[in-house]
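With the hints as constraints, model all of the structure from the sequences given.
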Amino acid sequence: MFLMKAIFLIAAGYLIGAIPTGVLLARRLRPGLDLRRIGSGNIGATNVSRALGAKWGVVTMLGDSLKGLIPVLLAQRCSGASGVVALTALAAFLGHIYPIYLKMKGGKGVATSLGVWLGISPAVAVLALIIWAAASLIAHSTATGALSAAIALPILALGLITKSVWTYFLLAAVISATVFYTHRDNIRRLIRGETRAVKSGSNQ
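Residues 37 to 240 in the working numbering are what the sequence shown spells out, letter by letter.
These are calculated hints, taken from the structure and not from any lab test.
Since this is a predicted model, take the numbers as computed values, not measurements.
Note that the Cβ used here is the ideal one computed from N, Cα and C, for glycine as well.
A hint or two may mislead.
As the list claims (entries may be wrong) - Distance windows between CB atoms, simulated:
no.	residue 1	residue 2	range
1	A209	A169	31 to 37 Å
2	I43	P67	35 to 41 Å
3	R228	V162	29 to 35 Å
4	R220	F44	32 to 38 Å
5	G119	G75	35 to 41 Å
6	L39	W202	29 to 35 Å
7	A209	I174	23 to 29 Å
8	G119	R64	34 to 40 Å
Right, here's the structure in full:
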């Protein structure tokens, strides 16, 4: 019974996380518009802002955050086991990056990660968001903000979570490493000093 429930929650987490919020929103507002063919080609809030305006970028960010939050809350309510919660959270996060509905080509996972941590530890989520916002403003680059928050995430998890700390530290480390992987092109541009490309290529 426990195993079946765990499998269901993890699968549900992935399928919820894989819902392409930005793509659906763009199609609703501008029929025929495909986010994957404009701007950076990504499906997250930054590219939605570029295509539809900042307001709809914020809506997309909220929607992508909910894709991380809802599975975590569902796992906490239906199971409560930290391992199941962590795996469900990871499935939702990976669902956004590798969505089955879009042939495994999704966003970079930042907003969905925020939702995951809002469900697990609001303190970790809020501090990571502050770091993201501060670094983004200072560097004029949301990609730099995402990478800064990713570096801080495992440290925040280790310092602020009191129950099942190592389970959630491992989750934070995996999410952090994956965010660096999804931003690999931005990192190359940043190393080359192409700051404008980093700005335009970033995505949530």
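Against the structure, the hints:
no.	hint	verdict
1	A209 / A169: 31 to 37 Å	22 Å, violated
2	I43 / P67: 35 to 41 Å	37 Å, holds
3	R228 / V162: 29 to 35 Å	33 Å, holds
4	R220 / F44: 32 to 38 Å	33 Å, holds
5	G119 / G75: 35 to 41 Å	38 Å, holds
6	L39 / W202: 29 to 35 Å	22 Å, violated
7	A209 / I174: 23 to 29 Å	25 Å, holds
8	G119 / R64: 34 to 40 Å	37 Å, holds
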